[in-house]
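2 protein chains.
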Amino acid sequence: MHCLWVFVLLENIRVVLVNTSHPGNIGGAARAMKNMGLSQLVLVDPQDFPSAEAVARASGAADILDSARVVGTLEEALVGCRLVLGTSARDRHIPWPMLEPRECGVAACEQAQQGAQVALVFGREYAGLTNEELQRCHFHVHIPSDPAFSSLNLAAAVQVLAYEVRMAWLAAEELPLRPEVVVEQDDEPVTADELESFYAHLEQALIEIKFLDPVRPRRLMSRLRRLYGRSSVSKLEMNILRGILTETIKAARGQHQKQEKVDV
Amino acid sequence: MHCLWVFVLLENIRVVLVNTSHPGNIGGAARAMKNMGLSQLVLVDPQDFPSAEAVARASGAADILDSARVVGTLEEALVGCRLVLGTSARDRHIPWPMLEPRECGVAACEQAQQGAQVALVFGREYAGLTNEELQRCHFHVHIPSDPAFSSLNLAAAVQVLAYEVRMAWLAAEELPLRPEVVVEQDDEPVTADELESFYAHLEQALIEIKFLDPVRPRRLMSRLRRLYGRSSVSKLEMNILRGILTETIKAARGQHQKQEKVDV
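In order, the protein sequences belong to chains X and F. When we follow the working numbering, the leftmost residue of the first sequence carries the number 17, and every step to the right adds one. When we follow the working numbering, the leftmost residue of the second sequence carries the number 17, and every step to the right adds one.
Don't read these hints as lab results, they were simulated from the structure. No experiment lies behind these values; they were computed from the predicted model shown. Each statement offered as a hint is correct.
Remember, identical chains collapse to one label, so a pair may be satisfied in a single copy or spanning two.
Derived DSBU-like pairs: lysine-lysine, alpha-carbon spacing no greater than 35 Å straight-line:
1) K226 to K266
2) K226 to K251
3) K266 to K251
Sequences and hints are given; from them, build the entire structure.
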């Protein structure tokens, strides 16, 4: 029973590699994952996969490659995820909530322990994640490398975060179970895809009330993504926010009438 | 002065690779070292070095390869070392003092800080270190991999220990683990009274768009207070939210016209 629970825990943590160029790095990442007990690999638009070079570098972790999901967009890779952690270099224009790898391991295990799906997202070998991709992440993770030579090999970066996940998992396994927090169903946080639908709705509403000029959007949506992304919005809260947006759009269109309200 | 001392500290920690088969792993190890601020590489009887493949995998860390010392025996590689840490799988015949990677990082930094030379020793890709070689080590280090698939790639193992050395070094230096985020004045959180003004404005807007019925408010505002209250809303974000409310109210009243926007 205990073992089953443990198994489920690490299964909840997926590694997402975005637009990887070199299949050797996919194989190296798979090996690093399996060494650390992770099994769920998602490849977003890989440039060369499946590949004999990936299998060679996986060196015994070919099963991870065989069961890898290949998808077209990051959005698809994140469906169902309640916590999305994206690796990032320094110096982004918009400061984002940052975790160091150790905190990342702890946060991933805590969420997975509660039954949530977690994604660790790694960008391209040379260019990393785009700003748009980074804004889909709730937190950014920076591996504290030497600023003079800061870019880790992709498989090496996967190794470091997978290692920290395993360290947190081993530590959690030795701790007594914490008092159970009764989570109301209402309090369950939304998933990454639900958050994306909200952002699309929000953007539409902001255009309708003429607060957002689609021709000159500036950084408005990314500022709002940062705010809501770090706030662990619950499903109930999301219902309220979506209801507000629906009514806002109706008001902007002069379509006011008596509406069914969200039950709070 | 401080910087010089820091420099000397990490210079005191050498990475020793014993009888490596694949030059790609030597290159990968060099890159991992340089990423983590280590520079001293010693190769004991490498099977293929120098090598173009090593340079390719080093990817910018060729200087580590150029300055690597090549020696014939582990004994030569360890001359002058006060602390020798050897990577090992579990279950050796002779029980030996074991460290986990985190303890290894701390021990290496402590010794190096006192001016001692430290060696991190890594064995062959398939066979690891021999018993004789392991007995030259003061401590064995085991990376806590999944027992079902425990053997890390050589460069990945170097990455994990080099990472733990860097983490211990950053902690000892009291350097920030996270990249310094220059907090713009805009990012300063709002005060409680600013939040209260926002709630009043929000409530007014919700009434105007007919989402909130003042006669029967239910728990709507308290739900929204809980959401925004835990989100550490910054002054810039508050300006955006207030701007949205202002435009929403205008839209509800049919007072749309070209407005000055909040600068984001």
